[in-house]
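**Student:** Construct the complete structure from the given sequences, taking the supplied hints into account.
Next come the chains, spelled out residue by residue.
There are 4 protein chains.
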Amino acid sequence: MKNSAILLVNCPDQKGINAAIADFIFRADGNILHADEHQDHERNLFLMRVEWELEGFKIDMREFAKQFQPIAERFRMDWRVALSSRRPKVAIFVSGHDHCLADLLYRHETGELACEIPIVVSNHPEVKRWADFYQIPLRVIPVTPENKREAERQELDLLRPLEIDLIVLARYMQILSPDFVREYSPNRIINIHHSFLPAFVGGKPHHQAFERGVKLIGATSHYVTEGLDDGPIIEQDVVRISHRDTVEDLIQKGRDLEKVVLSRAVRWHIESRILPYGNKTVIFD
Amino acid sequence: MKNSAILLVNCPDQKGINAAIADFIFRADGNILHADEHQDHERNLFLMRVEWELEGFKIDMREFAKQFQPIAERFRMDWRVALSSRRPKVAIFVSGHDHCLADLLYRHETGELACEIPIVVSNHPEVKRWADFYQIPLRVIPVTPENKREAERQELDLLRPLEIDLIVLARYMQILSPDFVREYSPNRIINIHHSFLPAFVGGKPHHQAFERGVKLIGATSHYVTEGLDDGPIIEQDVVRISHRDTVEDLIQKGRDLEKVVLSRAVRWHIESRILPYGNKTVIFD
Amino acid sequence: MKNSAILLVNCPDQKGINAAIADFIFRADGNILHADEHQDHERNLFLMRVEWELEGFKIDMREFAKQFQPIAERFRMDWRVALSSRRPKVAIFVSGHDHCLADLLYRHETGELACEIPIVVSNHPEVKRWADFYQIPLRVIPVTPENKREAERQELDLLRPLEIDLIVLARYMQILSPDFVREYSPNRIINIHHSFLPAFVGGKPHHQAFERGVKLIGATSHYVTEGLDDGPIIEQDVVRISHRDTVEDLIQKGRDLEKVVLSRAVRWHIESRILPYGNKTVIFD
Amino acid sequence: MKNSAILLVNCPDQKGINAAIADFIFRADGNILHADEHQDHERNLFLMRVEWELEGFKIDMREFAKQFQPIAERFRMDWRVALSSRRPKVAIFVSGHDHCLADLLYRHETGELACEIPIVVSNHPEVKRWADFYQIPLRVIPVTPENKREAERQELDLLRPLEIDLIVLARYMQILSPDFVREYSPNRIINIHHSFLPAFVGGKPHHQAFERGVKLIGATSHYVTEGLDDGPIIEQDVVRISHRDTVEDLIQKGRDLEKVVLSRAVRWHIESRILPYGNKTVIFD
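Protein chains in written order, with this note's numbering: chain A, 573 to 857; chain B, 573 to 857; chain F, 573 to 857; chain P, 573 to 857.
Worth double-checking, as some hints may not be accurate.
Identical chains share a label here; the pair holds if one copy fits it or two copies do between them.
[Stated by the list, open to error] Here are the simulated DMTMM-like pairs of lysine to aspartate or glutamate, each with C-alpha atoms no more than 20 Å apart in a straight line:
| no. | residue 1 | residue 2 |
| --- | --- | --- |
| 1 | 630 | 601 |
| 2 | 825 | 684 |
| 3 | 638 | 595 |
| 4 | 852 | 801 |
| 5 | 574 | 627 |
| 6 | 661 | 755 |
| 7 | 574 | 632 |
| 8 | 776 | 614 |
| 9 | 661 | 625 |
| 10 | 587 | 608 |
| 11 | 852 | 821 |
| 12 | 776 | 718 |
| 13 | 825 | 843 |
| 14 | 700 | 681 |
| 15 | 574 | 857 |
| 16 | 852 | 645 |
| 17 | 574 | 821 |
| 18 | 574 | 585 |
| 19 | 587 | 645 |
| 20 | 587 | 632 |
| 21 | 852 | 612 |
| 22 | 638 | 650 |
In short, the hints are calculated from the structure, not lab data.
**Tutor:** Right under this line is the structure:
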């Protein structure tokens, strides 16, 4: 397994940022594996992802923040560093549609998703068989309009001691309250919406798509913000449909899309390839 | 060139429609080249396209309506027949963006679009070079907020004696008045909208897409109705974009999409492959 | 569940075939649900699929062949009829890569694949967990260069009493002998090849693709014939790759393709939507 | 217009290359606009593209080679630098199919292709109208089996004084001799092949695709080497076809593909985004 560090940087653009970072890594004997950057000229922003090998790197990563501090201050950086050896902890939330759950657990098992999955949370007990199959703990927390606040409290109590880094809503059909979202803000909850956003916001998007008579249907993975379906988009894809397709056909074709579009987002997040800024994302792929 | 007739039928679904139509054509010695049908079970509709060779067909097509009348009445059909030998007359409306115009005229020249194009109408004189290149008459009719009603009157006066069957809005940036649209209703005006409808209705969709941070941009060809951008969709397609793409890149990538998505719609209309019903279309491809 | 009959016809093209078939169904009070046809003008062939409701149909389907015989003879038809109520029996063969197996069993469970799966055959015991999970019988038959003939004999002995209609090679890494293929000829074995055929025939196509530096990789589902990788193609799809992708990335991206491309082929076969002729297929979708 | 320099580097991978380059540019007060890199771990290669603004850059670009020499030597770099202010000179070769020619000239006019096109060369006089329309000089040089060597000599005599940087074969149907190719080696001739290479190498690929019954057709742009159709691939794309499509339909659908796939390759070459190595290309997009 790769033993590397990944630095994500967001700061006002000016000359010398690349040189300062590259020089800092080189002086500590780091071998850069990949560096990519992006400038947003309208907002005068510099956004960068750089990954280097830790084998032979002369800075103890527990000291990294202290050592990097002068550069970060000089360029007024918003930054974070991730270690490939530290697998993020991911909680998956799911309701009755289990295709995304089954898909994520399969990819996790094959090593495609380099994370821990210490818990699956569901308001539907039927998904237990998947948790059992992959030997992942499941907690069933039913949600009703009446107990919703209490249910979210239980969920948060469950997640906190697990030190969850990311919540994945794998077709979880409950809308999270703003309080819940704030606990995992910014950008620590990923949702899959079964339409090509911003078309067909809200409920039953396949029915909406069918009614409108579109010729392609889509799926969108995005970070969850307090507003419904309007967080930063991570990935989207579409598939062709025709007049022959019923709503049920759309739902079935949608499943294949949703699996792929959600799993790409989760993978990129885990690999620290996503740099959200404003209401957008930069994907360093 | 193919010498064929195409029958498009829309009627309440019941047993025996296929048999009645196939038998009618067979008895007159017609050779069916292609037949396709669709049922909308929710609305109990039967929709069909059948094409047959006229070589050896024993009914004079001028008498077809009379001969077919008993079947049409029996099944309460909404129907029409088209002859491949009669090339539809198409007027192209265009403003300053000439890529769709240039593309349609090229496809017309190669025979991909089996129509006549007796006139190009523009509110921008710059497109004259394309009309000259392909030797198609051009009429420049400037449109301002003040003269809009008068301009549309001039356009209608121009089109009527040409017996135009279809108007193609090839990035024509003026909104047609309901009165104008009614003259070519239902479903005789095709527009290209530079977004994946219903996302980004209205003006400057590429700017809207850029602001929203979507990962794909689209184009939609549709029939024009009195409501803006909400007529029956004929065709859609998308192309992938990334954070690197500026609004100008979106506009450039959009051009390639728009050409393809509009030309498919025009081709299918000309070949009588589109059966609009409700606010949708069946494409018999 | 739909209770319908599907007739697939392949015969020399001439006038009156549609009329004869539609009339035959109508006289027995059948309601045609869908009819589609295709002519191959080069070979003068007429190819048709017609599906009708059996509710109210006045011919006992056990008598269908006898009743339909005069029409079949008159037009020299190669034909067969399938009943939606009779779910085809499918055997899945798999080796160590289990993604297509897991995918097919999931789709089977959701009802997307309307078939029975009485047996999974594998030369790798590891796939047992999937058979157990979905409660499908598994038979492990190891294959070595030495025992190959004997292993195939065991497989055939296993399949015959189960009256298997279709064998699906879901990344089964053994090449079937011509004798085995003949038992399920013509066109009763579907394979998934992990390349865009005819590019990269044979072994390790992802390695071949990587070496050649292609910008898209593909997958192809096809009927198995005695020649390697050259049977009639049923479905193909591709995904974009870049210079960043290693062979392992290609293998991983390929998995998503293979699942979709194989499952479409199996679904179409089960729904009698494929009409193979010559070395090609017509897909009535 | 952007006034920038682009450095392309190919060298053995080792620590400190990024730092050395970024530091070099920073010391001369260059503002890096974009930097991207790739490592080929199998071959231990480091490949990089870095673009910086020349406004305020303190090194006279005529002196760049001399100043950069120590770094280049230290890391044993194969490198070149391009200036966005120097528009490459492109010659387009075309035969009777003029769709790619018309498309490239349109894109050139809109500014999408930032190059000069001092000459179009054709063995078919019919393309004259496009040269006239866009006011580009045309030279018609007929090619027969007998005069081929002489024709190529005329072509080379024509191109040399124009100091052509890149030859684009826009459906030029003559095979260039190895001698000719060597004059523009390595990687200074781009061809569009109308198939998804390596499938359907050689002549009439659409006919080959039709015979094989594939479900997608493709197009491939690649650098021309002395071997037929086997140079480094730059870009590929595909479009779906069905049993309904005749060879003529394939040819028509192929045209749309070829235009897009060729124009992307030409654009990337002009913008110094392609780094060929071995028989592959890195695309810094």
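**Student:** If a hint holds in the structure, say so; if it doesn't, say that too.
**Tutor:** Right, here's what the structure says about each hint:
1. 630 with 601: So residue 630 and residue 601 pass the 20 Å test inside one copy only (6 Å; across, 29 Å).
2. 825 with 684: This pair counts as between: shortest inter-copy Cα distance 10 Å, intra-copy 23 Å.
3. 638 with 595: For residue 638 and residue 595, only the intra-copy Cα distance (16 Å) is at most 20 Å; the inter-copy one is 23 Å.
4. 852 with 801: within (13 Å within a copy, 26 Å between copies)
5. 574 with 627: within (9 Å within a copy, 40 Å between copies)
6. 661 with 755: Answer is within: at 15 Å inside a copy they meet the 20 Å cutoff, but 51 Å across does not.
7. 574 with 632: The answer is within: 17 Å in one copy meets 20 Å, while 42 Å across copies does not.
8. 776 with 614: between (36 Å within a copy, 18 Å between copies)
9. 661 with 625: neither (22 Å within a copy, 42 Å between copies)
10. 587 with 608: both (16 Å within a copy, 17 Å between copies)
11. 852 with 821: Answer is between; shortest inter-copy Cα gap is 17 Å, intra-copy 31 Å.
12. 776 with 718: Neither: 23 Å inside a chain and 44 Å across chains, both beyond 20 Å.
13. 825 with 843: Between. Shortest inter-copy distance 17 Å satisfies the 20 Å Cα cut-off; intra-copy 28 Å does not.
14. 700 with 681: both (17 Å within a copy, 16 Å between copies)
15. 574 with 857: Within one copy, since 17 Å is at most 20 Å while 26 Å is not.
16. 852 with 645: neither (25 Å within a copy, 42 Å between copies)
17. 574 with 821: between (42 Å within a copy, 15 Å between copies)
18. 574 with 585: between (31 Å within a copy, 17 Å between copies)
19. 587 with 645: For residue 587 and residue 645, the Cα distance is within 20 Å only inside one copy (15 Å; across copies 26 Å).
20. 587 with 632: Close across copies (18 Å), not inside one copy (28 Å); limit 20 Å.
21. 852 with 612: within (11 Å within a copy, 31 Å between copies)
22. 638 with 650: Within. Shortest intra-copy distance 15 Å satisfies the 20 Å Cα cut-off; inter-copy 38 Å does not.
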